[in-house]
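**Student:** The primary structure of each chain is shown beneath.
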Amino acid sequence: MRLGNAAILNSGLNVEERNRFSRLDLNFAFVILALNLIGLINLYSATHGLFSKDKMDLFWMQIAWLSVGWSIYLGITLIDYKLFTRLAYIFYGLNLGALVVVEFMGRTALGATRWIDLGFMRYQPSETMKLVMVLVLARTFATRSYDKGMSVTDLLLPGVLLMIPFILVVKQPDLGTAGVLVAITGSILLFVGVRRSILIFAAIVAVVSAPIAWNFGLKEYQKNRVLTFLSPGRDPRGTGYNSIQSKIAVGSGKVLGKGFRKGTQSQLEFLPERHTDFIFSVLSEEHGFIGSVTTLGLFVILYLMAARIAIGARDKSGALIVVGIFFYLFWHVFINMGMVIGILPIVGVPLPLLSYGGTSLLTTMTGLGLISSVAYRRYLF
Amino acid sequence: MSDFLQTSEEEAKEYLPRYKVIYGTIIFCALLIVGRLWFLQIMQGTELRQFSEKNRVKETKLPSPRGLFLDRENRVLVDNLPGFDVSIAPQYAKKLDETSDAVGGVLELPGRAIADLVRKTQKRDGPFRAVKIKDNVSLEQVFKLKLLRWDHPGLAVNESILRYYNLAENGAQLFGYVGEISREQIPKFNEFYQGKFVFDQGDIIGKSGLEETWDTTIRGRDGVAFVEVDARGREAPGENPNYFGFKPLPAIPGNNLVLTIDKDIQEAAYKAMNRHDSIGPRIGGVVAMKANGEILAWVNTPSYDPNNFSTGIPPQVWAQLINDPFRPLRNKVIQDHFSPGSTFKPIVALAALSEKIITPSTLVNAPASLKFGRRLYHDHSKTGHGNINVMQAIELSSNIFFYKMGISLGIDRLAPYAKLLGLGAKTNINLTHEVSGLIPSSEWKLKKFGEEWQPGENLSNAIGQGFVLTTALQMAMAYNTIGLEGRVMKPYLIKRILNQDSKVVQEFEPQMLRDATQPNEYGVVIESKSFKTVKEGMRRVVNGERGTARASKLIGIEMAGKTGTTQVRSFSADEIYKRCDSRPIALRHHGWFVAFAPVENPEITVAVLAQHACSGAVGGAPVVKDIMMAYFEKYHPELIKAALEKKGKQAVKMPASVQEEAE
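Top to bottom, those sequences are chains A and B.
At position 47 of the first sequence the residue is numbered 47 (the numbering used here), and the sequence of numbers has no breaks.
Positions in the second sequence are counted from 1; adding 381 to them yields the numbering used here.
Keep in mind the hints are simulated off the structure, nothing from the lab.
As the structure is a prediction and not an experimental result, all values here were calculated from the model.
Hints should not be assumed to be uniformly reliable.
Stated by the list, open to error - Below, computed lysine to any residue pairings styled on SDA-like, alpha-carbon distance capped at 25 angstroms:
| # | chain 1 | residue 1 | chain 2 | residue 2 |
| --- | --- | --- | --- | --- |
| 1 | B | K394 | A | I335 |
| 2 | B | K394 | A | T140 |
| 3 | B | K394 | A | K262 |
| 4 | A | K55 | B | F889 |
| 5 | B | K871 | B | G837 |
| 6 | B | K652 | B | D596 |
| 7 | B | K401 | A | K262 |
| 8 | B | K401 | A | I41 |
| 9 | B | K401 | A | L199 |
| 10 | B | K763 | B | N746 |
| 11 | A | K262 | B | I769 |
| 12 | B | K504 | A | I41 |
| 13 | B | K401 | A | W70 |
| 14 | A | K82 | A | K262 |
| 15 | B | K401 | A | T359 |
| 16 | B | K401 | A | K55 |
As the list claims (entries may be wrong) - Here are the in silico distance ranges between beta carbons for each label pair:
| # | chain 1 | residue 1 | chain 2 | residue 2 | range |
| --- | --- | --- | --- | --- | --- |
| 17 | B | R602 | A | L344 | 28 to 38 angstroms |
| 18 | A | A64 | B | R500 | 24 to 34 angstroms |
| 19 | B | E479 | A | K219 | 52 to 62 angstroms |
No residue lacks a Cβ here, since even glycine has one placed at the ideal position from N, Cα and C.
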């Protein structure tokens, strides 16, 4: 911030402009930009390999998405985030509508119905639902206080708000996204505060219902994924293949990596989906421990900055928005990296800012824009 | 931080204790990931690096061999041969210039060019894609190259499957050729087949002819192999369970096609077209069909060698093919339609008989010319033919007779008969690029040109000029119907589909489309006695004293047919009587000859279109005669023998060759 101010003082802007500009959290933007850059370099490698001739265009598409993403980021920064919380229920209704449309006429990819073809892009409503969930909860909790934490009746409203989209997403079926939806909502509830007795009860219910869900709730391939995660040798050609090849890719990167576009695992097509869900394994293979930890470090810096912004927020809804989006980012990054390095089962969750994908990128940039908007309106000293 | 807290708004304050939990979670999860990365990249890094570099097990595609094409006696027409190609993997070729020189020495190619090719491709595709240097390397070269491999890492000799066309130029347009799927085709094919077949870069697909239309039947299913690649880039496909215990999946070879083609007749047809008489090798198409619709031979000339396509066609050969004015790549039997000329006359005769305009014995005056409207229509005979009946009109190919039929019939009464016999519509023989030809009507002309049908056009169309257009295959179909006295048989090329164990997957039977003597959807019926009358006229074309094709009489069998000559362009008065072979080849007339034999109980129909071959009698009939003779020598040698013996008794001695065979 201080560096930014110094630069602006000499920039010849008038006081008001100077003020407006100085309120932009430039450091926050720089960290995002750094991750974008790493993402692009890495995506270039992942899409310009020997067997990826058909994917070359995706790199340029991603650049196009990025410029759209940054426009959204700046646009939202300048809009008061209160507008979004005010409209939260309208967003929620529209998004539910989109999920229902997907249910009936969405396009199928890899066996699951997830998106609507808009012509210029494939819109994946389950992805935006995560953000809308944050907004709806921020709106709900901004006007409420719970001294001893939420009671069962307090949980009723957020519970219903979660269950409707959750069921629609599970039906697609997209267990990964549904899981993230639960994780984000759960995190926000915990953040706001839940009574201890309820937490203990929920833990017991989870333990008891797990076997039931296992036997009746999960489809065969979903069970397979979990089983394979527990022992990858079980089905090395099917679901285990990705997991094993990904671990080899990450490990073979060693300290410094094999170098840009020299990752044999990724370039020789051992890794499926390497430009989307497995993008981090390309990075780990080609840039090693140093590259991976640097990237993770940038994400951690982004989290810490977000937490600071939340603390400095003008009001409760601002703080809740920032915290919600922080959870959104946090869970995505953790689940994706965890899957790539083999500490979590394989679920279709993209890595924010690094994976290829229009919806993911635009949603992330929208979320970051909201954080930036809260930062723009915090108290300055 | 504390000064923040005191001044922040009251409401948000209640969350402050929670941020400690958030910081804790961030740090915990980050450490977890860093720890795992440490474990994989630092502790296990060396092992996993070695694994990834030295003992790669990669899933690769095992291309399935395409099904063979067999003839009706199961003789192989299109085969698969083991081939070899040479490639260099830039990733491992540390001494690229030396390697290129060494390879160039063996392949007799400049080393510099090879090195440039590798560098150029590497720039585009990255270092991991092996660059193919040459396809179809000879065994001797393979041996030399394999020795070189030890000193030149990155050099590889790969086995491949080569599509081999046993008959080479013969039938190339029918069998078609194969090639690599193009980049634009990949998404289209994958969309079309919806996962039934999955196409990738480098896959071989049928690009024309039967290879194209039967592609999905004969392509089989690719298998999966796990190939271990060592640090020097040498691949070793292993049958043994590999590191992960992945099991290879064998390729399933494609189904074989048993064609209706008879290799002997096919070869005879090719020879008959490429004859060396005063006119020279014919340009055009010929099709021989059994009476039940089975195609026995299908030849187009000039032709090309599809084997060139299997091994990557040299650019100069390709340029030559597409610039050839006589279009060797075209399947002229179905892809080009022409005016049928006088070969249309028997169909007009059938219409006139059926419409009761004439009876078999009606005599019509056929002078040298006929005035209609303000125009004088000429016959090709300067003297005229006098009073003739319909059989004589066919035998002599009288234009005036058929002009008069055309005037009496009018196009709209004629057209249904032509269509009934199979003209003016696709035969649906399941080959790409088939054209439908054209049988005009007054309604068609009004729609197409917005003009009324002119009475004068009845004349030109009645002798197969004007708008009428047909393909050679349609003519064969129509004449076969005349021969069978009404049964319209569908021409077909595939007898049966066999799987790899030679079990029959599907059998194709002859198919009668309709019977022209019975009521049908064309609204007209031809009585069998009309067919008999026309057949008699056509018999005389070959066997009569004055028949236009009397020079092409068969030995021992009576053939019935009709000649046709169509103008490439009209000539001025002083040019018209010039000798044909004194004209430049592109200005010579096209010659048709279509015939079936034996007359009474036809077994085979042959249609030939000989472009720029002067006339049907000179250009077409000898070709048909040779094909017919080849057929009867193979299937009814006793008929020919008996005829020769009879002749021998009369003329004292048998020809030497036949005598030898008899002994």
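**Student:** It remains to establish, for every hint, whether it holds in the given structure.
**Tutor:** Consistency of the hints with the structure:
no.: 1; hint: B:K394 to A:I335; verdict: 30 angstroms, violated
no.: 2; hint: B:K394 to A:T140; verdict: 17 angstroms, holds
no.: 3; hint: B:K394 to A:K262; verdict: 51 angstroms, violated
no.: 4; hint: A:K55 to B:F889; verdict: 44 angstroms, violated
no.: 5; hint: B:K871 to B:G837; verdict: 34 angstroms, violated
no.: 6; hint: B:K652 to B:D596; verdict: 29 angstroms, violated
no.: 7; hint: B:K401 to A:K262; verdict: 42 angstroms, violated
no.: 8; hint: B:K401 to A:I41; verdict: 35 angstroms, violated
no.: 9; hint: B:K401 to A:L199; verdict: 19 angstroms, holds
no.: 10; hint: B:K763 to B:N746; verdict: 15 angstroms, holds
no.: 11; hint: A:K262 to B:I769; verdict: 88 angstroms, violated
no.: 12; hint: B:K504 to A:I41; verdict: 18 angstroms, holds
no.: 13; hint: B:K401 to A:W70; verdict: 31 angstroms, violated
no.: 14; hint: A:K82 to A:K262; verdict: 48 angstroms, violated
no.: 15; hint: B:K401 to A:T359; verdict: 32 angstroms, violated
no.: 16; hint: B:K401 to A:K55; verdict: 43 angstroms, violated
no.: 17; hint: B:R602 to A:L344: 28 to 38 angstroms; verdict: 35 angstroms, holds
no.: 18; hint: A:A64 to B:R500: 24 to 34 angstroms; verdict: 32 angstroms, holds
no.: 19; hint: B:E479 to A:K219: 52 to 62 angstroms; verdict: 57 angstroms, holds
When each numbered hint is compared with the structure, violations occur for hints 1, 3, 4, 5, 6, 7, 8, 11, 13, 14, 15 and 16.
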